[in-house]
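There are 2 protein chains.
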Amino acid sequence: MDFVGTFRAIAAAAIAFVPPAIAQDLLKDSPASDWRELDPENTLYLELPAGRVVIELAPAYAPANVAAIRKLLRQRYFDGSVVLRVQDNYVVQWARPEDDPRAKAMAAVKVKPEFSRPVDPGLEFTPLPYPDTYAPEVGFSQGFAAARDAKRGETWLVHCYGSVGVGRDDDADSGNGSELYAVIGQSPRGPAPMGFYEKPSQRIPIASARLAADVPEAGRLRLEALRTDSATFKAYIASRATRKESWFKDPIGRIGVCNMPLPVRVKGS
Amino acid sequence: MDFVGTFRAIAAAAIAFVPPAIAQDLLKDSPASDWRELDPENTLYLELPAGRVVIELAPAYAPANVAAIRKLLRQRYFDGSVVLRVQDNYVVQWARPEDDPRAKAMAAVKVKPEFSRPVDPGLEFTPLPYPDTYAPEVGFSQGFAAARDAKRGETWLVHCYGSVGVGRDDDADSGNGSELYAVIGQSPRGPAPMGFYEKPSQRIPIASARLAADVPEAGRLRLEALRTDSATFKAYIASRATRKESWFKDPIGRIGVCNMPLPVRVKGS
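Each protein sequence line maps, in turn, to chains P and D. In terms of the working numbering, the first sequence is residues 1 to 269. In terms of the working numbering, the second sequence is residues 1001 to 1269.
Treat the hints as calculated values from the structure; they're not laboratory data. Treat the hints with care, since some could be wrong.
Said to hold, decoys possible - Mimicking BS3-like on lysine-lysine, the simulated pairs with C-alpha atoms at most 27 angstroms apart in a straight line are:
1. P:K28 with P:K234
2. P:K249 with D:K1151
3. P:K151 with D:K1249
4. D:K1244 with P:K110
5. D:K1249 with P:K110
6. D:K1244 with P:K151
7. D:K1110 with P:K244
8. P:K249 with D:K1110
9. P:K244 with D:K1112
10. D:K1104 with D:K1234
11. D:K1112 with P:K249
12. P:K112 with D:K1244
13. P:K112 with D:K1249
14. P:K71 with P:K112
15. P:K249 with D:K1104
16. P:K112 with P:K151
17. D:K1244 with D:K1234
18. P:K244 with D:K1244
19. P:K234 with P:K249
20. D:K1151 with D:K1112
Keep in mind that this is a model prediction, so the values were computed, not measured.
Model the full structure from these sequences, guided by the hints.
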């Protein structure tokens, strides 16, 4: 449940995210300074049979867990791991198989939970001015959907479609980065089998997992994301909140924090 | 965008929805009167290669559109239709292929839009006492996730995972029930190809679509749903809002209107 990043499925080098027409114009005309290139130290490539999945890590929100994951990546821990669970409308989860010696060795490793962090005026938070069911305030921070509770002085990343978290057992410190999940919906349908594949042969193999920083330049995807504190992102929020397309008979005037996929593009494209 | 029902994927006769352990006890001990059997006139079976999908129609919210769909079903209009679009985290859409003569004949048929209906004190509305991003008030009505705007005097069914709607073009009255969609997520990733299969051979065939009322008794699934105005449903809301399982380190105390899958079971099971 510690949030480490956002999962962005990218088949080969094609960016899966294509914003609606109105937002496209807005993005096309945006100044280069409204975009930021992903930091290779915070960019994780998972190589699946269907292509590369790019995950951006969020060390500002989960420094200990991100450090643990970086260490595992550099030990090639996830090479030969598998997607062992796909629970419709809930999560995709991956890890080394339970009976693998390296998985067994990790069982005793504990990393402190980072469910939230203290509010810090120096940390970007771009508020979304609409109510949310779960948090007193929602918005965006460094490209991630985020929430804030001023009374408790806490801020955290939100469980939206595509968010990646650290799996754990009941104990809060039982996660260690060796088991990760991506959110693919919001209604759990437990209990067992909870989407776990019955046979190991059904599992989806992960050929390798690397930090972009550890991949030769030629093999990297140079991605840039729209800065969530930029004027363009604020205009993009407004364009999605108030629907201008003729299809919408009611412009609505609001948007949910999980209904704002982050614009990402290949640099120079 | 007119809401006609809720899509419940059921492979063979096994109910896909299995509530969490705590809710299971609650449901097991519930009185029979807290459940209602689905009305065969409002129950639609779609027969797909993966099994039967059961959809409950909502004539209280979209009477004209439900009547149009019933008429099409009785003309066997959807036998030989196809799932022609699966857009990840957005919608699944099905219809007869565009070049089919019956599809062409339907192009001119218009049914009035039923985006919302007047609030009526005689129509069940069980409020969910938590804020929602889009509506002043949310809750449940006749088993469906619903919303209400007292100021406008309007109520409507909500676009949650599994909701089924009537597809249309830009004109509000261009839908006619011959093209339906199920919501599978909340972040559109338009524009083209918007999840449309490129080749007709990729489409998923729908062998038949029938009202349960038109299927011989032996071929029906006798399903019952928890009444959303029952004491058991209210306890189920409370159990999902305030998480008691030891896995949750924060009980939260709130739940979203789309995070409350309706308990459904085979009658007598």
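Inset, instruction - Against the structure, test the hints numbered earlier, and report the numbers of the ones violated in rising order. - result: Hint check: 10 and 18 fail, others pass.
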